[in-house]
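Can you make the complete structure from the sequences, with help from the hints?
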Amino acid sequence: MPSPASSDAFLPYDPLNQPKQVAGDLWIIDGHEVRMRSFGLRIPFPTRMTVVRLPDGGLWIHSPVAPDEALFEAIERLGAVSHLVAPNTLHWSYIADWRKRFPRAVVYIAPGLEARVDVPRTNLMDTAEPAWSAAIDQRVVGGPVLTEAVFFHRASRTLILTDLIENFEPERVRSCVWRCALCLSGAADPDGKAPIDMQLSFLGHRKHLRAMVRQMIDWAPQRIVLSHGRWYEDDGVAELQRAFRWIL
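Residue 45 in our numbering sits at position 43 of the sequence shown; the count goes up by one each step and never skips.
Each hint can be trusted.
The calculated label-pair distances, taken between Cβ atoms and stated as ranges, are:
1) A136 - R103: 21 to 27 Å
2) R44 - R232: 21 to 27 Å
3) V147 - R103: 29 to 35 Å
4) R103 - D58: 16 to 22 Å
Read the hints as simulated data drawn from the structure, not as lab findings. Ideal Cβ positions, reconstructed from N, Cα and C, are used throughout, including at glycine.
Structure follows, in structure tokens:
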């Protein structure tokens, strides 16, 4: 469960909590830093959510960040929120806050979150939901540590990932100790990927993950949006082949 950071470990991706248009009908919002409690430590992460306007005009929101009133109002100017997505078993904390503001939105969760998300919800499957299949493809991969749904917005050729690739920029890290830890984890720009502990967690699930990576490559994304760190504006296929060379 993340908690708001008392002091930022990363230089923020300003402006925060404001929609930034990436492509037609697709925006990102860089949120405030959070700290995840793990192994007795509070590990800092910059956050990012993605918004897609579907063909029917409804908004599809991926991994919503910690909200405030200004952010809610900015989202409302884009359209009516129809879908709220908790895309993996680590990204769910603010779903209830967003559902409270947008009670007509349908909540979708990664398998494994049933006991944590205390609002009406639907489990994500390994095929696209009928509500957005006309615009977005999806797959789900599971492991003992992480289950994640990945999404491909066809019109903009944008792949939307959460934690399967992390790409922290060392020059944005204020602490030299944390900068070294990120580099050792394997999740540092320009060679961002799943950190080594996550890679090891997929040892018994490599076949399924490899098949999903090949599907992502077949989608031929132009860009890849990530939840943590620098995202990829171009050369999406090459970045996938590089970031997942440990599984291909």
